[in-house]
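> Using the sequences and the hints, build the whole thing.
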Amino acid sequence: MPALNIEYTEPELAAIREAAAADGKSVKAYVHDLSVREQQRRTFVSHAVAFWNAHVEEFDAAFPEDAPDTGRRDATRRGVARSDSAAA
9 MPALNIEYTE PELAAIREAA AADGKSVKAY VHDLSVREQQ RRTFVSHAVA FWNAHVEEFD
69 AAFPEDAPDT GRRDATRRGV ARSDSAAA
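The numbering used here numbers the first residue of the sequence shown as 9 and each following residue consecutively.
You may find that some hints are simply not true.
Label-pair distances were calculated between CB atoms; the ranges are [what the hints assert, rightly or not]:
1. ALA23 <-> ASP77: 44 to 54 Å
2. GLU66 <-> ARG25: 46 to 56 Å
3. HIS55 <-> ALA27: 49 to 59 Å
4. ASP41 <-> ALA69: 39 to 49 Å
5. ASP77 <-> THR51: 30 to 40 Å
6. PRO76 <-> ALA37: 43 to 53 Å
7. GLU66 <-> MET9: 37 to 47 Å
8. THR51 <-> GLU26: 27 to 37 Å
9. PRO72 <-> VAL44: 10 to 20 Å
No lab work stands behind these hints, which were simulated from the structure alone.
All C-beta atoms, glycine included, are put in the ideal place defined by N, C-alpha and C.
So, in structure tokens, the structure goes:
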């Protein structure tokens, strides 16, 4: 099975050991699970953004009082969040 050899500073490794122990896991299992979970999170966010971009006009049509006046689709594609002041 493929493996990685990752270097940490002593303080970094101490923190990882502490976190692994708090989770009741070995360092190897903790780092493995953390990296896999991060990849799953990135995949989820990517799909969520794609869904939003594909359906933003439907949401705006269904809830016109909550739709911004202009530019939401362009801002969403650039990753710009609407501020609370823009919603008011």
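> Could you say whether the range 27 to 37 Å given as a hint is met by the Cβ separation of THR51 and GLU26?
holds (28 Å)
> Look at the Cβ atoms of ASP41 and ALA69 and judge whether their distance stays inside 39 to 49 Å.
Holds, at about 42 Å.
> Range first: 37 to 47 Å. Now tell me if the beta carbons of GLU66 and MET9 are that far apart.
At 45 Å between Cβs, range holds.
> Is 10 to 20 Å a correct range for the gap between the Cβ atoms of PRO72 and VAL44?
violated (41 Å)
> With respect to the beta-carbon atoms only, verify the hint that ALA23 and ASP77 lie 44 to 54 Å apart.
For ALA23 and ASP77 the Cβ distance comes to about 47 Å; the hint holds.
> Quick check: does the Cβ-Cβ distance between GLU66 and ARG25 fall within 46 to 56 Å?
holds (49 Å)
> Is 43 to 53 Å respected by the C-beta to C-beta distance linking PRO76 and ALA37?
At roughly 45 Å between Cβ atoms, ALA37 and PRO76 fall inside 43 to 53 Å, so the hint holds.
> Honestly, do HIS55 and ALA27 meet the 49 to 59 Å range at C-beta?
violated (28 Å)
> Could you check the hint for me, namely that ASP77 and THR51 are 30 to 40 Å apart, CB to CB?
Since the Cβ atoms of ASP77 and THR51 sit about 33 Å apart, the hinted range of 30 to 40 Å holds.
Of the numbered hints listed earlier, those contradicted by the structure are 3 and 9.
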